[in-house]
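We have chain A already, so just place chain B on it with the hints.
There are 2 protein chains.
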Amino acid sequence: MQVFTKHKELIYQAVESIGNRVYHSVYSDNVKNYSDEQKEKGLAAFQSRFNMDFVEHKTKSETWIGEEVSPYLQTGLGIRYPVIETEKLIENAQSAGKAWQKVVIEERAGILAEALERIESRFFELAHATMHTTGQGFMMAFQAAGPHACDRALEAIAMGFSEIKRFPEFVKNELGTGLNATSIRKTYTPIPRGISLVIGCSTFPTWNSLPGIFASLITGNSVIVKPHPKAVLPIAIVITELRTLLKESGLRMDTIQMAVDTTDKPITKVLAEHSAVALIDFTGSSKFGNYIESLPKITFTEKAAINPVIIDSTKDIEGLVNNLAFSISLYSRQMCTAPQNIYVPATGIKITGGTVSFDDFCDRLRKSLDDLVQSKWGPSTLGCVQNDSTLKKVREISMALGTKIAEATSFRMPDFEAARTQSIKVLALDSGKQEIFQREIFGPMVFVIKTEHTDNSIELALRGCTISGAITCLVHCTDFMLSKIIEEKFNAAFIPVSFNFTGQVFVNQHAAFSDFHVSGGNASGNGSIVDPGFITKRFVWIGNRYMT
Amino acid sequence: MQVFTKHKELIYQAVESIGNRVYHSVYSDNVKNYSDEQKEKGLAAFQSRFNMDFVEHKTKSETWIGEEVSPYLQTGLGIRYPVIETEKLIENAQSAGKAWQKVVIEERAGILAEALERIESRFFELAHATMHTTGQGFMMAFQAAGPHACDRALEAIAMGFSEIKRFPEFVKNELGTGLNATSIRKTYTPIPRGISLVIGCSTFPTWNSLPGIFASLITGNSVIVKPHPKAVLPIAIVITELRTLLKESGLRMDTIQMAVDTTDKPITKVLAEHSAVALIDFTGSSKFGNYIESLPKITFTEKAAINPVIIDSTKDIEGLVNNLAFSISLYSRQMCTAPQNIYVPATGIKITGGTVSFDDFCDRLRKSLDDLVQSKWGPSTLGCVQNDSTLKKVREISMALGTKIAEATSFRMPDFEAARTQSIKVLALDSGKQEIFQREIFGPMVFVIKTEHTDNSIELALRGCTISGAITCLVHCTDFMLSKIIEEKFNAAFIPVSFNFTGQVFVNQHAAFSDFHVSGGNASGNGSIVDPGFITKRFVWIGNRYMT
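Chains as they are written, first to last, in our numbering: chain A, 1 to 548; chain B, 1 to 548.
Read the hints as simulated data drawn from the structure, not as lab findings.
The beta-carbon is built from N, C-alpha and C at its ideal position, and this holds for glycine as well.
Be careful, since some hints might not be right.
[To be verified] Below are the BS3-like pairs computed for lysine-lysine, each with C-alpha atoms no more than 27 Å apart in a straight line:
(1) K165(A) - K165(B)
(2) K484(A) - K165(B)
(3) K172(A) - K392(B)
(4) K98(A) - K165(B)
[Said to hold, decoys possible] Examples of chain A residues toward chain B, derived with CB under 7 Å:
(5) R21
(6) E91
(7) V497
(8) V540
(9) W541
Excised from the complex, chain A in its bound form:
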């Protein structure tokens, strides 16, 4: 239990923070807080991996595969990972799970917190691994894959700890009186559901997988992680730290395993449909996510989203435009939380003492996007496009369908001549063209939709969200009553709303311990990171009774 004692304050503080929901972060996302040695060591560790087999999981395998390609270099990384046959994975998970569920909650929490500390020591290696699989700019790769993912993991540990400590392990009930007096001893045991399958995505291989992994582990389940074949390395590093620590703690490494596959021969369905798999965490397309939800399992999905922006009025048009341009540009709009459809009334945007016309707004947006891409931090803000098919889909949307605001072009990425880059394509559309804008476009493109008035914007945005899901909704409105109406309508459709964001606060960013990520109530997904249900569905309370 030393490991719990070591991390007790961290865990208790995290439990308090999920309750009070004020800003809380444990793992610093400011690179200045790390030493040059850490940075250099991380880069060197990543560079030493090219064309090597990833052996750190200490698994035996005769087959090694890998197909990761750096969006910065557009060459393969040449890293191969061990293939373990499905039935063997299941068998290992079952056997390791039996031991893991018997570990008391304090020790489980301590071990998982310790794992995060060890992952912290590899944040820079993780950053480069994430950059060169997802295409994220360095800063985002560092922040999202490392500190932010670990904060979310700690949030899951804390929610798990508090749910499992919620009921006593043991009570004695005294019943009846006199000659009929009896006492019954009762125990309350949280029994883990079984094997947890965590299916990763290609854009956020750790951020989107760590909450599910840590939620399942803290509640006593064994985990099989099936990363996206194009983004294995970051999560493989995380899994290494967990496996190593489990072994050191006298527990089974196979409490967490990695299942790799290739784009040509995917194994996800085989794993997902296996009768021994009880829990599935999934991030990815709506089509596959709907299939996952249709399985007779407990699922936590994050699927497509067409996040709307409704612009009615503002006190700071410049702040609005610059904030929006950044939100759109960040990682070339490959974030699940990025805005897609910007609704602007034909009559323009009300500002102090006047209006900004629809065309004027489009001009301002184009200019702000241009300025951003040409600024010193522009290229690393946009990063690379993770894969060719994203670019292809964006290219297929013809600018002839509406008014061309900004065409997409490649831009120069310093240090990486071969990088797959693309500036943000902006197309202005009439509100009638719903067949174009009411579906998810993933990647560097947005639509500015000309509506009759704000009521029309609300109606169109809600329709799209209902069909295709929304994780966020950004609203600019200075009218208090109208804001309340918008809030109520979107909230009723289980969509959270962010109002009047300018400056350095962006609608795409959700803070651990404070913001729930995905509401779980609309078509964008059925799981919410980290609400109580994200934990409680992973185990069953069993009450035994003993006559004494």
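Only chain B this time, still in chain A's reference frame:
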């Protein structure tokens, strides 16, 4: 908020009790604690209902239906209930729900607690209504339909109150420093899922419906109750109190509505499949329950169960047999928690200084059952059989399939010459006859299964539970290590175990605030009364953010 102030202590105490899980009961189940006047008034109120229309819900209807038959009198009650067209029910529920969800949680909790106090004033009327629809004996009808159901309802209020109060309504996050300092205001709002459909059963019309009703109401959802057509009156009385109080509180009566149908023209599927229905609570057959679970909704089911009894050894064979005979006899084994399959080794039951042979055990069980039915309290312990089809199914199981221990016969029910009664049929079977005993037999019949040894008993019992579900499992075993093995195996299948019950503590009884009813992890159902998930699945946390 006066109504909250009035019930604040009650609610806080209930919140504490769900946390510490010691014995807690608010509504007395001892008839001695009620006045003669209350008893007489309740009986008179019930008797005045024969052949009358039930107008207390103040709904307009041109069609009135009712087909309840008293199992005691075997004549129809002649009570008719108003039919409301499905689309009208949905429309009412949507409109009333909008107002209800805006009522602050304290006031919702206060109103619901006040409703329980008013229901308490009608416990005796409820008791007679329950007796004459379900066939329960008076004492059970009184306890289960009134105080125990209300304790469970209060448990749901308390769990709902604590989940909704779990996160702050409002926080302010201060971000950045100096010139970049910004503050973000955030709100956390629990948005109800929508319309909640509660589908009642014929044997426990209030006990099995109140948890779902109160869980949905406390979380802000509007409710439509679809009672079993043969057991409407008890829940109709409960709904009256809620509707009346809602109206007095300036709220919409239609926050809770009743949808009645007939056996010939059921409406349950139409309601369950309606797109506006988001939540479904169901108690009933596995077949219909599986259909309910297959719908793309959030469901809470309680289905069939074949609760096993494993007898290995005991320090008190007489106490064991008498306790078991009572558990089997109670309400003629029409309780979802009643034991069905009694596994006894061919080598007999180990007792202090010897063994009780299989045949000796069967004799003792038969005698204890006989003694019980012939005792003063026997007839009212067994009560009546709710409907003919239960009797028919029991009759169809031929005693020629095994060794006849006790044949079922009708017995005399004091005061009710026409009562549909039946003593418990007991059939001893070889363990090979799984096609007979590995399915649910609902009603006055049990199997005593001769196994090779206790390991064989465990294996057979587990197999049955896995296929057909189990809500409880009773084990008699004096060997500590063997007990631990049994506990672990059943718990792993999400089945709670009760050990060595003798005296006045029965495996069929689950206490509110202390025992979870149905684990939610096996084939007997996916809901657990009242675990945190029974509440949290009924709403979605939505976090809005405002730049200030």
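Numbered hints the structure breaks, given as an ascending list:
3, 4 and 6
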